[in-house]
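A.B. asks: Given next are the chains, with one letter for each unit.
2 protein chains.
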Amino acid sequence: MRFWGWGEDAHAGAPPAHGIAWLEARLGASLTAETPPVALEDVRLPASALDDADAAALAQAAGGADAVRTDHAARVLRSAGKGYPDLVRLRAGNADPAPDAVVSPGGREQVAAVLRTCAQRGIAVVPFGGGTSVVGGVEPLREGFRAVVSLDLGGLSRLLELDARSGLARVEAGLRGPELEHLLRARGHTLGHYPQSFEYASVGGWVATRSAGQASTGYGRIDELVRGARLVAPAGELDLPAVPASAAGPDLRELVVGSEGVLGVLTDVTLEVRPRPAAGRYEGWMLPSFAAGCEAFRALAQEDAAPDVARLSDEAETEMSLSLAGLPSAVRAGLDRYLGWRGAAGGSAVITGWEGTADDVRARRARTAAVLRRFGAAPLGRGPGRAWAKGRFHAPYLRDDLLGRGVLAETLETATTWANLARLYREVGDALRRSAPFVACHVSHVYASGASLYFTFLAGQDAEDPIGQWRRVKHEACTAIVAAGGTITHHHAVGRDHAAYLAAEAGVLGVDALRSVKERLDPAGIMNPGKLLA
Amino acid sequence: MRFWGWGEDAHAGAPPAHGIAWLEARLGASLTAETPPVALEDVRLPASALDDADAAALAQAAGGADAVRTDHAARVLRSAGKGYPDLVRLRAGNADPAPDAVVSPGGREQVAAVLRTCAQRGIAVVPFGGGTSVVGGVEPLREGFRAVVSLDLGGLSRLLELDARSGLARVEAGLRGPELEHLLRARGHTLGHYPQSFEYASVGGWVATRSAGQASTGYGRIDELVRGARLVAPAGELDLPAVPASAAGPDLRELVVGSEGVLGVLTDVTLEVRPRPAAGRYEGWMLPSFAAGCEAFRALAQEDAAPDVARLSDEAETEMSLSLAGLPSAVRAGLDRYLGWRGAAGGSAVITGWEGTADDVRARRARTAAVLRRFGAAPLGRGPGRAWAKGRFHAPYLRDDLLGRGVLAETLETATTWANLARLYREVGDALRRSAPFVACHVSHVYASGASLYFTFLAGQDAEDPIGQWRRVKHEACTAIVAAGGTITHHHAVGRDHAAYLAAEAGVLGVDALRSVKERLDPAGIMNPGKLLA
Numbered sequence: 001m002r003f004w005g006w007g008e009d010a011h012a013g014a015p016p017a018h019g020i021a022w023l024e025a026r027l028g029a030s031l032t033a034e035t036p037p038v039a040l041e042d043v044r045l046p047a048s049a050l051d052d053a054d055a056a057a058l059a060q061a062a063g064g065a066d067a068v069r070t071d072h073a074a075r076v077l078r079s080a081g082k083g084y085p086d087l088v089r090l091r092a093g094n095a096d097p098a099p100d101a102v103v104s105p106g107g108r109e110q111v112a113a114v115l116r117t118c119a120q121r122g123i124a125v126v127p128f129g130g131g132t133s134v135v136g137g138v139e140p141l142r143e144g145f146r147a148v149v150s151l152d153l154g155g156l157s158r159l160l161e162l163d164a165r166s167g168l169a170r171v172e173a174g175l176r177g178p179e180l181e182h183l184l185r186a187r188g189h190t191l192g193h194y195p196q197s198f199e200y201a202s203v204g205g206w207v208a209t210r211s212a213g214q215a216s217t218g219y220g221r222i223d224e225l226v227r228g229a230r231l232v233a234p235a236g237e238l239d240l241p242a243v244p245a246s247a248a249g250p251d252l253r254e255l256v257v258g259s260e261g262v263l264g265v266l267t268d269v270t271l272e273v274r275p276r277p278a279a280g281r282y283e284g285w286m287l288p289s290f291a292a293g294c295e296a297f298r299a300l301a302q303e304d305a306a307p308d309v310a311r312l313s314d315e316a317e318t319e320m321s322l323s324l325a326g327l328p329s330a331v332r333a334g335l336d337r338y339l340g341w342r343g344a345a346g347g348s349a350v351i352t353g354w355e356g357t358a359d360d361v362r363a364r365r366a367r368t369a370a371v372l373r374r375f376g377a378a379p380l381g382r383g384p385g386r387a388w389a390k391g392r393f394h395a396p397y398l399r400d401d402l403l404g405r406g407v408l409a410e411t412l413e414t415a416t417t418w419a420n421l422a423r424l425y426r427e428v429g430d431a432l433r434r435s436a437p438f439v440a441c442h443v444s445h446v447y448a449s450g451a452s453l454y455f456t457f458l459a460g461q462d463a464e465d466p467i468g469q470w471r472r473v474k475h476e477a478c479t480a481i482v483a484a485g486g487t488i489t490h491h492h493a494v495g496r497d498h499a500a501y502l503a504a505e506a507g508v509l510g511v512d513a514l515r516s517v518k519e520r521l522d523p524a525g526i527m528n529p530g531k532l533l534a
Numbered sequence: 001m002r003f004w005g006w007g008e009d010a011h012a013g014a015p016p017a018h019g020i021a022w023l024e025a026r027l028g029a030s031l032t033a034e035t036p037p038v039a040l041e042d043v044r045l046p047a048s049a050l051d052d053a054d055a056a057a058l059a060q061a062a063g064g065a066d067a068v069r070t071d072h073a074a075r076v077l078r079s080a081g082k083g084y085p086d087l088v089r090l091r092a093g094n095a096d097p098a099p100d101a102v103v104s105p106g107g108r109e110q111v112a113a114v115l116r117t118c119a120q121r122g123i124a125v126v127p128f129g130g131g132t133s134v135v136g137g138v139e140p141l142r143e144g145f146r147a148v149v150s151l152d153l154g155g156l157s158r159l160l161e162l163d164a165r166s167g168l169a170r171v172e173a174g175l176r177g178p179e180l181e182h183l184l185r186a187r188g189h190t191l192g193h194y195p196q197s198f199e200y201a202s203v204g205g206w207v208a209t210r211s212a213g214q215a216s217t218g219y220g221r222i223d224e225l226v227r228g229a230r231l232v233a234p235a236g237e238l239d240l241p242a243v244p245a246s247a248a249g250p251d252l253r254e255l256v257v258g259s260e261g262v263l264g265v266l267t268d269v270t271l272e273v274r275p276r277p278a279a280g281r282y283e284g285w286m287l288p289s290f291a292a293g294c295e296a297f298r299a300l301a302q303e304d305a306a307p308d309v310a311r312l313s314d315e316a317e318t319e320m321s322l323s324l325a326g327l328p329s330a331v332r333a334g335l336d337r338y339l340g341w342r343g344a345a346g347g348s349a350v351i352t353g354w355e356g357t358a359d360d361v362r363a364r365r366a367r368t369a370a371v372l373r374r375f376g377a378a379p380l381g382r383g384p385g386r387a388w389a390k391g392r393f394h395a396p397y398l399r400d401d402l403l404g405r406g407v408l409a410e411t412l413e414t415a416t417t418w419a420n421l422a423r424l425y426r427e428v429g430d431a432l433r434r435s436a437p438f439v440a441c442h443v444s445h446v447y448a449s450g451a452s453l454y455f456t457f458l459a460g461q462d463a464e465d466p467i468g469q470w471r472r473v474k475h476e477a478c479t480a481i482v483a484a485g486g487t488i489t490h491h492h493a494v495g496r497d498h499a500a501y502l503a504a505e506a507g508v509l510g511v512d513a514l515r516s517v518k519e520r521l522d523p524a525g526i527m528n529p530g531k532l533l534a
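For the protein sequence lines, the chains are A and B, in the order given. Read in this note's numbering, the first sequence has 359 at position 359, and its numbers run on one by one without any break. Read in this note's numbering, the second sequence has 299 at position 299, and its numbers run on one by one without any break.
Looking at chain A on its own, in the form it has when it is part of the complex:
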């Protein structure tokens, strides 16, 4: 991955000129000047705080001298996740904080040995899977420890077992999305978990952050797919076997899922998998308004008619998507005439997707379509579906490009009940609009009792204090979310950025209860300090 942004150069591309022009009009600023990031070798890095004895002890624990790296590139590349403040800092050449070393254990026993070594030596440990956190989850904070290492789980990347009869796959935590799907599909299965970070994020990261993917309305969130888990903690190992259901006390899996590295290191998990889908269909619709779309999505969820992918853009996001898509003007005019005729002009775009057997896709599509039509949906056919599928993992590249043009481009997300959705949408939008000239939103996950809201906002960057600017907007948005009764995060997790808001949701006593578990599993407090329970 590029150290200063998302993904790889080969997949990046600049937005089209008409898209830039549209954005310029929205932001009232010129976006032509581009500030390139510094070169990797020019990034400033603090000296490693580890001494030779530390390095030797870590190497012995992790399985060899090769397993401990302190070189420039290794440390810079694990000095941050992919959140806005991370990228602002790295683009400017500042990799402080950075890990004092990157430790890459080859297996579970080595993970346990590294944790023991770090606990003895007072070294903080930041588990690192794909490094795609957008909430500061992998920032190498010291929090009073004399050193911090990034524990790279790339060496734990095997499919350990596939139980086809039970539809269960036991996989190591360091496996990335594409490799996992490749291994599963070769044996006739799929997990069906496609967060936007799919190409880079790891299974352990998904589980540690309660990840939701683009098709999770159908396949289920990762927390619904985890049946068993193994957590290696400084105090020992939690090995939670896969059972389909149990009444044996509080579900310890749910202590491990979402633990964000503060209790220990997930080394392997057992996930529910399904037969590899034989067919898939994605298509677009236009609803008369976001409000009508929310009603339609509520009906889909409550009438058991939801597609696997269900995405509803509000009017602003719809307009942005159409403007950036670069439709020829005659096509756009024709579309607008069609939508006017269908009563959906200026409306809200919907993407729906189904996967499964051909019969299943056909039957389920019919159910979804019947509900959408009841709410005035105008069908747009498969074109928009194909376009969405083609670009489904590429939004972060646009953010990075805009960052280079002096734009604060950021996203945040929440969820609430259907009864509270309109209020949450309005109040978080209002909070963002106080600082950002452009705010858009979509619903990407629906449940019987409610839905998620995913906001995108754009503002001219404060060149003097870009991180302070970001912090102020973020705080206003989080405060609005809490006040309006939303969850502080639907799928980005807590990390560093949301830790201050956790008690508003879990309660002081709830956070204390989690702290008591941490004290038992991680008595020295070395695991990912400054995150989640900070």
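Keep in mind that the hints are not guaranteed to be accurate.
To be verified - Using C-beta positions, here's what the derived DEER-type ranges look like:
no., chain 1, residue 1, chain 2, residue 2, range
1, A, 280, B, 278, 25 to 35 Å
2, A, 187, B, 14, 51 to 61 Å
3, B, 342, A, 154, 53 to 63 Å
4, B, 370, A, 280, 20 to 30 Å
To be verified - Some chain A residues near chain B, calculated using beta-carbon distances under 8 Å:
no., residue
5, 70
6, 72
7, 162
8, 167
9, 227
10, 238
11, 248
12, 249
13, 255
14, 259
15, 394
16, 418
17, 451
18, 513
Hints are computed from structural coordinates only; laboratory data are not their basis. Glycine included, each C-beta is placed from N, C-alpha and C at the ideal position.
Let chain A serve as the given structure and place chain B on it in line with the hints.
C.D. replies: Frame of chain A, contents of chain B only:
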């Protein structure tokens, strides 16, 4: 409820004579002699350990002198749940242990005040909802405390809020099944949760024990239906709001669900509800064998074709049901001829049920039926479905009647993955057969990754040491479950009876993690001592 057994006299009835004869042949013993339970007034009760100052303090906390009862009937009726050893003890007139008082707070504030008073005075607290635990969950154990009170939650029985848009009902913990359904159905909704204890058990008890109901394959287990919860603990209150989904750290709801009163008292919960079903259909089928039935049920679960109620009896349970049903001999002969012609003679009976709109029931029934036919199912029509629905809550009455005739009649349950189901079935059955001449089993809940197994076993009671006999069989069965990789309980919970086996499933460190939460929420350790984490 009858203090010495299940339910009410009005609903009880003796098994038919031909049923008794069939059981006598199986057990090789005469079952005609009946030993009646002692009268309530003859039950021996230890003196209350509470002094006047205790009683006054509790009365003040709970809201008045009426809220604290120490009379004979109140204490006897809360001295045990409805497990086999409970009933053996009570039938013989022994109500020791019994609570020193029954405290009935009128609301949440009173619950908190009672817990504070008990913590100050060193009095143990046993939350009591419906009192239907079959694992010793409400046994008033002292465990070193000088006194123990039963905290009766019958006063917390309101429907606090029905959010019809979100399909969420906030209800108080003391509400019983029938009252809850009455309140919900009057407003067009249902929870759809029907454990065998439905008529007496409370919502709080369901949540505290991770209850599963007879239709939970369709509606979901109670742990899947809980969206929000409030736990009043000695150290304070955990108020977990209802959100459809969240990535804000480990899910604290899952610490509360299944906590069995050892962390605090559930006072209200927010549950997902659905539209009241307009139609329902229950019917019977015969599969050629239990093995074929398990394959059929696996296909139902994995092909998204499962009915709401899915019950598969093994050959022994099928034969027992047919024998106890009292079919006229010509009818039985006709049935056997039909089943022989269909290749399902001596097979495994299935009950399927669907609820919803008429269209939905029709469509889903067709899906289920197509899968069952693939595995050789012979349809038996609606008669067996109606018979099952009529008697769905009545099996405990039979157990009580048999107990009076000198029969150890007991059930236990587990769950595992599909790949491991046959092994678990065989090994637990073998363990039971070493002590019980009659062992039967059914699958009552199916999941994508596995299923539950529910065993019934019958043996002549050891009149000298009935509880010791029960304890030995129970230990052998639990040991077999653990060795074969099943969960120690699929829906009966842990309580007193399964506590010794919890670490085999959750791990020593896992149990320790839960203990650390308990120490934070209940520093004096007064909450339901001797259960779950004992």
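A.B. asks: Does each hint fit the structure? Answer for all of them.
C.D. replies: To see whether the hints hold, each was checked on the structure:
1. A/280 / B/278: 25 to 35 Å: Distance hint for residue 280 of chain A, residue 278 of chain B holds at roughly 34 Å.
2. A/187 / B/14: 51 to 61 Å: Taking Cβ atoms as reference, residue 187 of chain A and residue 14 of chain B lie about 56 Å apart, which means the hint holds.
3. B/342 / A/154: 53 to 63 Å: For residue 342 of chain B and residue 154 of chain A the Cβ distance comes to about 57 Å; the hint holds.
4. B/370 / A/280: 20 to 30 Å: holds, 24 Å
5. 70: violated, 32 Å
6. 72: The hint is violated - residue 72 of chain A has no Cβ within 8 Å of chain B, the shortest such distance being about 33 Å.
7. 162: Hint on residue 162 of chain A: violated, closest Cβ of chain B at ~11 Å, above 8 Å.
8. 167: Cβ of residue 167 of chain A sits 5 Å from chain B, so the hint holds.
9. 227: Constraint on residue 227 of chain A satisfied, holds at 6 Å.
10. 238: holds, 5 Å
11. 248: holds, 5 Å
12. 249: Interface hint status for residue 249 of chain A: holds (5 Å vs cutoff 8 Å).
13. 255: holds, 5 Å
14. 259: Given a least distance of 6 Å, the restraint on residue 259 of chain A holds.
15. 394: violated, 22 Å
16. 418: holds, 4 Å
17. 451: holds, 7 Å
18. 513: holds, 5 Å
In summary, the numbered hints that this structure violates are 5, 6, 7 and 15.
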